[in-house]
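Residue numbers (the numbering used here): 1 to 278.
One should not assume that every hint holds.
To be verified - Distance ranges between label pairs, derived from CB positions: (1) S69 to G166: 48 to 56 Å; (2) S147 to H79: 25 to 33 Å; (3) K143 to R198: 33 to 41 Å; (4) I163 to N99: 38 to 46 Å; (5) T95 to G237: 16 to 24 Å; (6) H234 to P138: 28 to 36 Å; (7) S69 to R153: 30 to 38 Å; (8) R104 to H79: 14 to 22 Å; (9) E170 to Q89: 19 to 27 Å; (10) R109 to E273: 39 to 47 Å; (11) R218 to R94: 23 to 31 Å; (12) F140 to Q206: 29 to 37 Å; (13) V52 to V251: 35 to 43 Å.
Unchecked claim - In silico BS3-like links for lysine-lysine, alpha-carbon gap of 27 Å or less: (14) K143 to K207; (15) K207 to K271; (16) K271 to K143; (17) K257 to K271; (18) K15 to K207; (19) K22 to K207.
Everything labelled a hint here was simulated from the structure, so no lab data went into it.
Values in this document were obtained by computation on a predicted structure and should not be read as measured data.
Heads up, the beta-carbon is just placed ideally off N, CA and C, and yes, glycines get one too.
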Amino acid sequence: MAHCVVPEAEALLDKEFPVLDKGFVRLVDYLGGDARIVQAARVSYGEGTKTVREDSALIDHLLRNSHTSPFEQVVLAFHVKLPVFVARQWLRHRTARLNEISGRYSVLRGEFYVPRAEDVAFQSADNRQGRAEEAAPPEFAEKVRASLERGQRDAYHTYGELIQSGLSREIARVCLPLSVYTEMYWQIDLHNLFHFLRLRLDLHAQKEIREYAEVLLRIARAVAPLATASFENHRLGGILLSRDEADALRVMLGGGKCPLSGKAKERFLAKIERGVQL
Numbered sequence: 001m002a003h004c005v006v007p008e009a010e011a012l013l014d015k016e017f018p019v020l021d022k023g024f025v026r027l028v029d030y031l032g033g034d035a036r037i038v039q040a041a042r043v044s045y046g047e048g049t050k051t052v053r054e055d056s057a058l059i060d061h062l063l064r065n066s067h068t069s070p071f072e073q074v075v076l077a078f079h080v081k082l083p084v085f086v087a088r089q090w091l092r093h094r095t096a097r098l099n100e101i102s103g104r105y106s107v108l109r110g111e112f113y114v115p116r117a118e119d120v121a122f123q124s125a126d127n128r129q130g131r132a133e134e135a136a137p138p139e140f141a142e143k144v145r146a147s148l149e150r151g152q153r154d155a156y157h158t159y160g161e162l163i164q165s166g167l168s169r170e171i172a173r174v175c176l177p178l179s180v181y182t183e184m185y186w187q188i189d190l191h192n193l194f195h196f197l198r199l200r201l202d203l204h205a206q207k208e209i210r211e212y213a214e215v216l217l218r219i220a221r222a223v224a225p226l227a228t229a230s231f232e233n234h235r236l237g238g239i240l241l242s243r244d245e246a247d248a249l250r251v252m253l254g255g256g257k258c259p260l261s262g263k264a265k266e267r268f269l270a271k272i273e274r275g276v277q278l
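Given the sequences, and given the hints that come with them, work out the whole structure.
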């Protein structure tokens, strides 16, 4: 098979998808699509005579049974503009190739993320790393936004003064807050993109990175629609049970009471409830 062209993906190339207040995601390039996954799995040449239905069934079988290497044959390259604190979470995924703008070589622009009023919330009482689900009162939220903007202006003013003084850019940048925007080119194969999406679309992930993940998912649907549909069905919309949890579910389906207790029971029932909601 020669170069795999996906018309839906071609239509998205270089299209800018806005994210947050000043960020974006662009599909810069892609290699392969569903047809490439099928070709890699069958280790054949040409498109063959298989139908879309048969190709879909093969892709679904591969993903459901964690045969990952054919999905690694599909590669997507993105241009992403995002706040530094989101980038630091993003870069925890070490299975991609990237190049980020350097504050040592370039003078960074004075662009900072300011959360929408509805995204300002107090610390969650039961989630140590996240915010509460309900938004803070509007008056408080506006005070927070004004305080953030004031701090950002002051920090960038200091940064500008340090640059003008002749101080090296690599030192001057240390006064900038995590809300400053950065940019990167990020290239990843489809298997590892699915792993990224499974984690970053979870409700426990920070809301800001979830918004970027939602755009990445939309683009993945265009590049490899059959593979992405299978991913959404088996991974994103599915739940993983431990052996004890599977045994407990069998007991409950047979009309018995859940044999688990304590935290194990709480986790199991929460997982089942999440599955029902999905």
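Confirm or reject the claim that R218 and R94 have a C-beta distance inside 23 to 31 Å. With a Cβ separation near 24 Å, R218 and R94 satisfy 23 to 31 Å, so the hint holds.
Hey, K257 versus K271, does the alpha-carbon distance stay inside 27 Å? Distance of about 17 Å is within 27 Å: holds.
Please verify whether K271 and K143 have alpha carbons no more than 27 Å apart. With Cα atoms ~37 Å apart, K271 and K143 exceed 27 Å; violated.
When you take the CB atoms of I163 and N99, is the distance between them in 38 to 46 Å? violated, 23 Å
Has the hinted range 48 to 56 Å been met by the Cβ atoms of S69 and G166? Cβ of S69 to Cβ of G166: about 53 Å, so the range 48 to 56 Å holds.
Pairwise hint evaluation, K207 against K143, where the allowed Cα distance is 27 Å at most: Cα-Cα ~20 Å, so holds.
Next pair to validate is K207 with K271; report whether the Cα-Cα distance is within 27 Å. holds, 20 Å
C-beta pair S147, H79: status relative to the range 25 to 33 Å that was hinted: holds, 31 Å
Evaluate the given range 28 to 36 Å for the C-beta pair formed by H234 and P138. Given range 28 to 36 Å: violated, Cβ gap about 41 Å.
Satisfaction of hint between K207 and K15, Cα-Cα up to 27 Å: holds, 23 Å
Taking 14 to 22 Å as the hint, is the beta-carbon distance of R104 and H79 inside that range? Roughly 20 Å apart at Cβ, these two residues keep to the hinted range, so it holds.
R153 and S69 - C-beta distance against the hinted 30 to 38 Å: violated, 50 Å
The structure fails hints 4, 6, 7, 12 and 16 (numbered hints given earlier, in ascending order).
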